[in-house]
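Novice: Given these sequences and hints, build the entire structure.
Now for the letters of each chain:
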Amino acid sequence: MNDSTFPDFDTMTPADFEKYLPDFFANGDGHVSTDPRLQTFLRNNPDCAALVRDLEAIADQARSLFEPTEPSDAVWTGIQDKLKHQEPEDDDLIRRPQTI
Amino acid sequence: MDVQGLQMTQNSPAPGVYKRNPPIAGEAEAIEAAKNGDAEAFSRLYALHKRRVYTLCLRMLGNVSEAEDMTQEAFLHLFRKIGSFRGESAFSTWLHRLTVNLVLMHLRKKGLNLVSLEETINPSEDDAPKRDFGSRDLQLTGSVDRVALERAVASLPPGYRMVFVLHDVEGFEHNEIATMLECSTGNSKSQLHKARLKLRELLRQPDEQSAQPAGFNEVAV
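Protein chains in written order, with my numbering: chain A, 1 to 100; chain B, 1001 to 1221.
FYI, nobody ran anything at the bench for these hints, they're computed from the structure.
Covered stretches of chain B (chain A as the covering partner; in silico rule of three or more C-beta atoms under 8 Å from a C-beta of chain A): (1) 1043-1051; (2) 1062-1075; (3) 1146-1152; (4) 1188-1199.
Here a beta-carbon is modelled for each residue, glycine too, at the ideal position from N, C-alpha and C.
Specialist: Here it is in C-alpha cells:
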C-alpha cells in the first residue's frame, strides 16, 4: 500500500486512522509514532497517539518473549522411549539411532 | 506421521529467523554424525536446540503440556528427516520451519482451519478487541510487564496468537506468515492488529489484587 491509497494525513479522522492503522504499522519500520507523515495528526489526536504508543510498547516487549525456556526432562525421556519402540516409517531417510 | 503440508525442502530462510540463528560450533559435525545414526550426535542436537524449539511451541500453543508434546514430535520428526537436510540454509532455520509446520498441522487436526482466518478462527464477539481508543485519563502508556504480556499472549484466541507470535515474537514478515497460514497478506496484517488491540485490552484490565493496571507500568518522564 502506498501513500496514494491513504487518506490525507493532515485531515483524516480518527476513524480513518483506525482503518489504516494496520497498514501504517506494516509499512516502514513498524513505528507509527515516528512516522513524519503522521506527526500533525497524532499531535492533534492524543487518544490515537496513546493507542499507538501502547501498541508499539506491546510489539517491542514481544521480542523479549523470544528468550528461550527450558523444557522438562520428560521431553527427552519421551523421545528416547519413542525412538526405542517406534517402527521406522517408510520414508525414513536415516538409520535410526539404536541407543540414545 | 502425516507430513502433508510440511515444507521439508530448504526454502530461503526467514530474514528475522536467520538473523537470530547464527551457526553453532560443533553443530555441523553433529548433523553429519546424526545422519549416520549416531545416538550421541542426536543427543547433542537436542541439547543445542531444545530450548529454542520448546519456546516456539510454547508461544504458539500457549500451553505447557501441548508444547512439550509438540517439542517431542518435532525432534522425532527431525530424527527421521535429518537425512534430507542439505545445509543450504542454517540448520536452526530449517528446524524452526519444521516446528512451525508441525504446530500448524497439529492445530488443523484439532479443528482450527487456518486456511481462512477471517471466517474460521476469528474470535467470538466476546473475544474480539473492543474498538475504542481508550480514555486518556487512564494514562496507561508506558513499558509493558513481560510476565503480564506472556500471560496475555497465552490467553489470546488461537488465530490471533499464531499471527502475533510469528510476527512480533519470531520475526516473520507478513508475506511469509500468509504463505504458512495460507491466507492473504492483508489478512495477516489485520489479525496482527487485532491481536495487539486485544493484548492492550487484556493488559489494561485492572489486576484483581491491586488498583494498578495488570500489564502497563507507569513510566516516569
